[in-house]
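There are 2 protein chains.
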Amino acid sequence: MSLIVFGDSSSGNCLKVKWILDLLELDYEWSEIDVRTGATRRPDFLSLNPSGQVPAVRLEDGRTLAQSNAILVYFGENTPYTPADAYERARMFEWLFWEQYSHEPYIAVRRFLLAYRKKAPEDLSPQLLERGNGALARMEQGLEGRDWLAGDSLSLADISLVAYTRMAGEGGFELADYPRVSAWVERVEARLGLDATTRALAPA
Amino acid sequence: MSLIVFGDSSSGNCLKVKWILDLLELDYEWSEIDVRTGATRRPDFLSLNPSGQVPAVRLEDGRTLAQSNAILVYFGENTPYTPADAYERARMFEWLFWEQYSHEPYIAVRRFLLAYRKKAPEDLSPQLLERGNGALARMEQGLEGRDWLAGDSLSLADISLVAYTRMAGEGGFELADYPRVSAWVERVEARLGLDATTRALAPA
Numbered sequence: 104m105s106l107i108v109f110g111d112s113s114s115g116n117c118l119k120v121k122w123i124l125d126l127l128e129l130d131y132e133w134s135e136i137d138v139r140t141g142a143t144r145r146p147d148f149l150s151l152n153p154s155g156q157v158p159a160v161r162l163e164d165g166r167t168l169a170q171s172n173a174i175l176v177y178f179g180e181n182t183p184y185t186p187a188d189a190y191e192r193a194r195m196f197e198w199l200f201w202e203q204y205s206h207e208p209y210i211a212v213r214r215f216l217l218a219y220r221k222k223a224p225e226d227l228s229p230q231l232l233e234r235g236n237g238a239l240a241r242m243e244q245g246l247e248g249r250d251w252l253a254g255d256s257l258s259l260a261d262i263s264l265v266a267y268t269r270m271a272g273e274g275g276f277e278l279a280d281y282p283r284v285s286a287w288v289e290r291v292e293a294r295l296g297l298d299a300t301t302r303a304l305a306p307a
Numbered sequence: 104m105s106l107i108v109f110g111d112s113s114s115g116n117c118l119k120v121k122w123i124l125d126l127l128e129l130d131y132e133w134s135e136i137d138v139r140t141g142a143t144r145r146p147d148f149l150s151l152n153p154s155g156q157v158p159a160v161r162l163e164d165g166r167t168l169a170q171s172n173a174i175l176v177y178f179g180e181n182t183p184y185t186p187a188d189a190y191e192r193a194r195m196f197e198w199l200f201w202e203q204y205s206h207e208p209y210i211a212v213r214r215f216l217l218a219y220r221k222k223a224p225e226d227l228s229p230q231l232l233e234r235g236n237g238a239l240a241r242m243e244q245g246l247e248g249r250d251w252l253a254g255d256s257l258s259l260a261d262i263s264l265v266a267y268t269r270m271a272g273e274g275g276f277e278l279a280d281y282p283r284v285s286a287w288v289e290r291v292e293a294r295l296g297l298d299a300t301t302r303a304l305a306p307a
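So the sequences go chain by chain: A and B.
In terms of the numbering used here, the first sequence opens at residue 104 and continues consecutively.
In terms of the numbering used here, the second sequence opens at residue 104 and continues consecutively.
Derived by calculation from the structure, the hints in this document are not laboratory data.
All figures in this text were calculated on a predicted structure; none of them were measured in a lab.
The beta carbon of each residue, even a glycine, is placed where N, CA and C say it ideally should be.
One or more of the hints may lead you astray.
To be verified - Partner residues aside, some chain A positions facing chain B, computed with beta carbon under 7 Å:
(1) S154
(2) G155
(3) L168
(4) Y177
(5) E197
(6) F200
(7) Q203
(8) R241
Stated by the list, open to error - Computed footprint of chain B on chain A, listed as stretches where at least three residues anywhere in the stretch have a Cβ under 8 Å from a Cβ of chain B:
(9) 205-217
(10) 282-289
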């Protein structure tokens, strides 16, 4: 059985999985799941991931795994994308957990509401903009004097954080206000073989 | 310099750090930080953790680390509290990331609003109760046929998830409705040397 990724290709969380597998040159099938159709709430999907969230993967042996950052760690531990130094590895995990708690709920959610739900900015909670900008400011500070978030080369922290940071413009955030973050986005994109035209994935 | 934990002892996130250090019999100082006084927003604290969140630790060499689950991983990797099997370890990470995204924002937040901010239940978003119960139901399912969330003994996933699950009553959740979760809470508490009288930490 091949490795299968169940993902929505407009979701940054799902793209993280594609990127690590591509970097590692692993073979996989991509099974497209459109979250907007409710597909993740149907019994066949819930048997893959009882939490009803993409991405999920089915490994070659049939076992399943969910949570984008946990999947990154599964494939990326003991590779050049996880720092060998214990402290730098801990920093990588600090960013990975911070991403799910303090970045994704504002930046990814505001993008989803504006670009997919077609909400007007004035109908959104001001907290989304404020906390999303707070997250970008925290990254700007974290990148002071360094090219990568943890260690001295691309790590899982960069792969995870770039997913929604590079699309922040779709969420109404001004990346140009954060010069170190902007330069880092281009640096990570270059390593992942992405270009800026793919930052906006929303249908026109 | 000794290891110092900066934490608020009414915060489950901070207690996670205490528990792993006690399990590993490591020496540390506990520096109490009352989040309700705004202490985490002051410059001296921000120099420890620019994100302004507890817990944070200062290691013996003066370097700092934040994010409760990242601190758990730093101290708990390569110990009996992290499964040696790669798949079970991935499951542990799945639960750790899920905790920060799908559990803490509902169960811990509702507890904080009711027990500390003294809000009335009717003034809270119904989503907090609904999603918190969804998280408990997900754990109930995850514990079917097993004593521990990942692997076959206590892991960082149990230590992390028990922190706010055991206090869910303070957030208005009925743990008795989730019998496997209730039994698991007692099992984890026994391993951590805690008893049920410490589940409610809010001042009377």
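* Failing hints, ascending? -> 2, 10
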